[in-house]
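Residues 1 to 114 in my numbering are what the sequence shown lists, from first letter to last.
Do not take every clue at face value.
[Said to hold, decoys possible] Label pairs and their computed distance ranges (CB to CB): (1) H54 - A97: 30 to 36 Å; (2) Y8 - H54: 18 to 24 Å; (3) D18 - L104: 31 to 37 Å; (4) R46 - A97: 35 to 41 Å; (5) H6 - A68: 22 to 28 Å; (6) F9 - I50: 16 to 22 Å; (7) Y8 - P65: 34 to 40 Å; (8) P55 - L25: 29 to 35 Å; (9) G90 - W47: 34 to 40 Å; (10) T27 - P65: 27 to 33 Å; (11) G66 - G13: 37 to 43 Å.
Please keep in mind that the hints were generated in silico from the structure rather than gathered at the bench. Heads up, the beta-carbon is just placed ideally off N, CA and C, and yes, glycines get one too.
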Amino acid sequence: MAPNGHLYFHPKGEAYCDDFSNAPLTTQAFFIHELTHVWQTQTFGRWYLILHRHPFCRYSYSLKPGAALTAYGIEQQAEIVAHAFLLRHGAKLSGVADKSAYDLLVRFKGATQN
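Please construct the entire structure, taking both the sequences and the accompanying hints into account.
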């Protein structure tokens with residue numbers, strides 16, 4: 001979890017991992033999801049997550065043509081970035097026939113392998 005722009009994983013918690021780079025792809029995607037919250041804090045300020053997090057935050061989303069990443073909720077943004085990561089590493093996601101929409105949406109520095 002990244003409540004204030006820093007990642008926290010309790011060493012005895014089930015989400016903890018010594019080295020996410022050697023973890024299964026889905027675990028790496030979870031880490032990427034949490035790193036997106038760090039990016040949100042660094043980009044929009046320390047109060048961004050606190051002010052935009054509410055009990056009804058949705059993780060599910062539908063991509064909207066031409067919409068920027070910031071047009072989605074905070075958890076949706078994190079899911080979109082995690083899904084882009086999975087697609088770029090060869091994973092198949094239900095309902096995704098063309099990954100190019102993710103390539104257009106998630107284009108910030110360091111997001112691609114190129």
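Status of each hint after checking the structure:
Roughly 32 Å separates the CB atoms of H54 and A97, a value that falls within the hinted 30 to 36 Å. In this structure the supplied range 18 to 24 Å holds for Y8 paired with H54, their Cβ-Cβ distance being about 20 Å. Taking the beta carbon of each, D18 and L104 are about 35 Å apart, inside 31 to 37 Å as hinted. The hinted window of 35 to 41 Å between R46 and A97 holds, with their beta carbons roughly 38 Å apart.
The hinted window of 22 to 28 Å between H6 and A68 holds, with their beta carbons roughly 26 Å apart. Roughly 20 Å separates the CB atoms of F9 and I50, a value that falls within the hinted 16 to 22 Å. A hinted range of 34 to 40 Å holds for the C-beta pair Y8 and P65, which are about 36 Å apart. Separation of P55 from L25 is about 30 Å and conforms to the stated range, judged on CB atoms against 29 to 35 Å.
Judged by the Cβ atoms, the range 34 to 40 Å given for G90 and W47 holds: they are separated by roughly 37 Å. Restraint check, T27 to P65: a C-beta distance of roughly 31 Å satisfies the suggested window 27 to 33 Å. Evaluation of the 37 to 43 Å hint for G66 and G13 yields a pass: the beta carbon distance comes to about 39 Å.
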